[in-house]
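The chain contents come next:
2 protein chains.
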Amino acid sequence: MLDAIARLRRFNRVVTREIGALDTSYLGRGRPLSSARVLQLVKASGTDVAELRNRLDLDTGLLSRLLRALETEGLVRLETDPTDGRRRIALLTPAGQAEWQIYDQLGHAKAQQVFDHAGPRQDALIAAMDLIATVMLQDQVEIRDADPNDPAALHCLSAYFQILLAMNAAITPSMLPLPLPDSEKYRPPQGAFLIAWSDDLPIGCVSLHPLEPGIAEVKRLWVDPTARGQGLARRLMRAIESRARDMGFIGLKLDSHTDLAAAIALYRSDGWLETAPYTGFPANIWMAKRL
Amino acid sequence: MLDAIARLRRFNRVVTREIGALDTSYLGRGRPLSSARVLQLVKASGTDVAELRNRLDLDTGLLSRLLRALETEGLVRLETDPTDGRRRIALLTPAGQAEWQIYDQLGHAKAQQVFDHAGPRQDALIAAMDLIATVMLQDQVEIRDADPNDPAALHCLSAYFQILLAMNAAITPSMLPLPLPDSEKYRPPQGAFLIAWSDDLPIGCVSLHPLEPGIAEVKRLWVDPTARGQGLARRLMRAIESRARDMGFIGLKLDSHTDLAAAIALYRSDGWLETAPYTGFPANIWMAKRL
DNA sequence: GGCACTAGTTGACTTTAGTCAACTAAATTA
DNA sequence: TAATTTAGTTGACTAAAGTCAACTAGTGCC
Chain V
1 MLDAIARLRR FNRVVTREIG ALDTSYLGRG RPLSSARVLQ LVKASGTDVA
51 ELRNRLDLDT GLLSRLLRAL ETEGLVRLET DPTDGRRRIA LLTPAGQAEW
101 QIYDQLGHAK AQQVFDHAGP RQDALIAAMD LIATVMLQDQ VEIRDADPND
151 PAALHCLSAY FQILLAMNAA ITPSMLPLPL PDSEKYRPPQ GAFLIAWSDD
201 LPIGCVSLHP LEPGIAEVKR LWVDPTARGQ GLARRLMRAI ESRARDMGFI
251 GLKLDSHTDL AAAIALYRSD GWLETAPYTG FPANIWMAKR L
Chain L
1 MLDAIARLRR FNRVVTREIG ALDTSYLGRG RPLSSARVLQ LVKASGTDVA
51 ELRNRLDLDT GLLSRLLRAL ETEGLVRLET DPTDGRRRIA LLTPAGQAEW
101 QIYDQLGHAK AQQVFDHAGP RQDALIAAMD LIATVMLQDQ VEIRDADPND
151 PAALHCLSAY FQILLAMNAA ITPSMLPLPL PDSEKYRPPQ GAFLIAWSDD
201 LPIGCVSLHP LEPGIAEVKR LWVDPTARGQ GLARRLMRAI ESRARDMGFI
251 GLKLDSHTDL AAAIALYRSD GWLETAPYTG FPANIWMAKR L
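Each protein sequence line maps, in turn, to chains V and L.
Here the working numbering is used: the first sequence runs in plain steps of one and ends on residue 291.
Here the working numbering is used: the second sequence runs in plain steps of one and ends on residue 291.
Hints are not guaranteed to be accurate.
[To be verified] List of simulated lysine to aspartate or glutamate pairs, EDC-like, C-alpha gap at most 20 Å:
| # | chain 1 | residue 1 | chain 2 | residue 2 |
| --- | --- | --- | --- | --- |
| 1 | V | Lys-185 | V | Asp-145 |
| 2 | L | Lys-110 | L | Glu-18 |
| 3 | L | Lys-185 | L | Glu-73 |
| 4 | V | Lys-43 | L | Asp-3 |
| 5 | V | Lys-289 | V | Glu-274 |
| 6 | L | Lys-110 | V | Asp-57 |
| 7 | L | Lys-43 | V | Asp-3 |
| 8 | V | Lys-253 | V | Asp-270 |
| 9 | V | Lys-185 | V | Asp-255 |
| 10 | V | Lys-185 | V | Asp-200 |
| 11 | L | Lys-43 | L | Glu-73 |
| 12 | L | Lys-110 | V | Asp-145 |
| 13 | L | Lys-185 | L | Asp-270 |
| 14 | L | Lys-110 | V | Asp-139 |
| 15 | L | Lys-185 | L | Asp-123 |
These are calculated hints, taken from the structure and not from any lab test.
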């Protein structure tokens with residue numbers, strides 16, 4: 001009754017019931033739940049049918065039929081993927097977008113109820129949900145390019161800055177401009193900004209910008225606390241290094257702080273070596289790597 | 001995408017899928033999921049049909065039919081409640097107990113997979129699950145009598161002791177015997193031990209034992225960290241006070257420590273007043289209340 | 001060009017879940 | 001004691017979800 005597994009199963013029971021209740025908010029629009037769920041996953045910009053199937057874990061035939069129903073309702077349009085004539089892409093029609101919005105608001109309202117219920121412990125609840133979702137999705141983290149001014153990028157940067165602020169009392173918010181100045185340097189062809197996604201939550205980032213001829217600097221390596229301990233930082237570093245290589249850089253540098261022991265250990269174990277200072281406060285350690 | 005509600009919905013999506021996968025482990029025994037779920041909830045000692053319906057949120061007709069099917073399979077026996085001839089109690093037959101065990105092991109194995117997946121962050125994962133389940137169940141916390149040597153009581157006491165140990169370095173494990181010595185003093189007719197249950201997880205306790213003629217002492221008030229901030233401590237105190245009143249005590253005492261500021265504030269706001277010391281270290285504040 | 005493979009569609013079908021109303025029988029209330 | 005309420009049963013029904021296999025059409029590789 002008190003062991004881990006019993007507690008997981010209690011969680012299971014409770015969540016099955018509550019989440020079921022959440023989903024029933026999708027009812028009352030004259031459409032079965034599965035159709036509503038499909039519609040909710042279709043993005044206005046288009047979603048691969050294979051991705052829908054994958055995310056909802058549905059049979060090919062079943063999803064095909066659900067999409068057909070949404071199509072005859074005039075909510076969804078199906079197009080053939082231009083790069084592969086077998087694949088299909090589902091798009092929202094204007095009517096579909098309106099309906100999508102309605103579902104979105106229904107879900108929003110129900111979710112709000114859950115939070116109202118949580119009272120003063122909202123933040124703890126969200127952190128717990130993030131942790132669980134991130135653990136369950138840990139094999140499905142995807143690293144993708146992003147624009148440094150994208151809202152997701154700003155979310156990552158501000159989370160990164162929070163950590164710095166908490167770590168060192170001498171760092172002040174004014175030292176941490178948001179969005180990044182010179183953001184064009186973090187965009188191809190000059191640099192790069194990578195975000196690690198878990199489902200549609202950004203849980204990590206890293207960036208690259210040119211420093212000297214042939215040399216780029218790696219900056220803003222951040223991993224969400226709920227996602228630590230899974231080697232994501234290393235994955236991000238390797239991704240940005242290989243990106244730098246592809247862009248023709250022959251060396252990389254970074255600055256850091258010895259308080260961030262885990263990060264320093266990671267750099268060292270991936271072949272980074274200490275180098276001469278090239279920046280000032282708050283950094284107190286500088287590293288470089290040949291590509 | 002980054003706000004609380006989006007994160008709840010991500011959690012929702014992930015958990016729906018993973019929990020669904022957990023439940024499908026109940027499949028493959030030639031029985032629909034709903035039957036398996038009903039069987040899993042039936043205790044060998046018997047479970048009220050109304051409770052099953054309540055916990056699974058099923059229609060009367062549907063549950064009746066599911067139970068009938070389990071009965072004709074020889075897994076379940078239905079008896080009439082001796083105290084109310086309308087109510088029925090579901091019991092497991094020996095065959096039903098065997099089948100129940102198999103489901104239990106299936107669920108156990110699947111749950112284990114989830115934990116294996118979590119790797120080194122098991123404890124964080126469990127804490128997160130407890131928090132979510134407790135928040136969602138907060139309106140359904142029940143306070144019931146328990147035996148002070150019951151495993152659930154020991155769980156509460158050991159959690160309580162952990163807190164004391166963490167709080168004050170001068171307290172040593174040897175000062176905290178488990179099970180309680182003189183446990184018969186915490187049992188009716190001399191005293192009482194109350195546990196607060198959330199589903200089947202004990203999340204709080206409080207106890208009462210006779211101190212002087214007409215006076216009892218309240219001890220071991222504990223609330224699980226995931227369940228704080230919901231007034232559970234006050235509910236427990238009021239429950240134990242009214243129990244003391246029913247038992248004929250005319251006054252109560254307790255000892256505490258000023259480091260436990262929230263507890264002291266709670267006592268004061270419920271009519272407790274400071275009184276002369278009647279115990280020694282580690283207590284440094286003593287309170288009393290007339291009933 | 002031919003062959004194996006993949007993505008998706010469609011028809012025919014079954015199972016599961018759930019609803020609704022009429023009913024029995026025990027308990028409670030007036 | 002009669003009327004009302006409550007707990008559960010049963011039959012008739014519908015909707016939703018899912019399965020299976022045959023099919024079309026595009027892709028990739030020898």
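Going down the list of hints, with the structure as the test:
1. V:Lys-185 - V:Asp-145: Status holds; Cα separation ~14 Å.
2. L:Lys-110 - L:Glu-18: holds, 10 Å
3. L:Lys-185 - L:Glu-73: violated, 47 Å
4. V:Lys-43 - L:Asp-3: Between Lys-43 (chain V) and Asp-3 (chain L) the Cα gap is close to 18 Å, so the pair holds against 20 Å.
5. V:Lys-289 - V:Glu-274: Since the Cα atoms of Lys-289 (chain V) and Glu-274 (chain V) sit roughly 9 Å apart, the hinted pair holds (cutoff 20 Å).
6. L:Lys-110 - V:Asp-57: holds, 18 Å
7. L:Lys-43 - V:Asp-3: holds, 18 Å
8. V:Lys-253 - V:Asp-270: With a Cα-Cα distance of about 13 Å, the restraint between Lys-253 (chain V) and Asp-270 (chain V) holds, given a limit of 20 Å.
9. V:Lys-185 - V:Asp-255: holds, 18 Å
10. V:Lys-185 - V:Asp-200: violated, 26 Å
11. L:Lys-43 - L:Glu-73: This hinted pair holds, its Cα atoms lying about 17 Å apart.
12. L:Lys-110 - V:Asp-145: violated, 35 Å
13. L:Lys-185 - L:Asp-270: violated, 25 Å
14. L:Lys-110 - V:Asp-139: Answer holds: Lys-110 (chain L) to Asp-139 (chain V) is near 17 Å, not above 20 Å.
15. L:Lys-185 - L:Asp-123: Distance ~35 Å between Lys-185 (chain L) and Asp-123 (chain L) Cα, so the pair is violated.
Consistency note: the structure conflicts with the earlier hints numbered 3, 10, 12, 13, 15.
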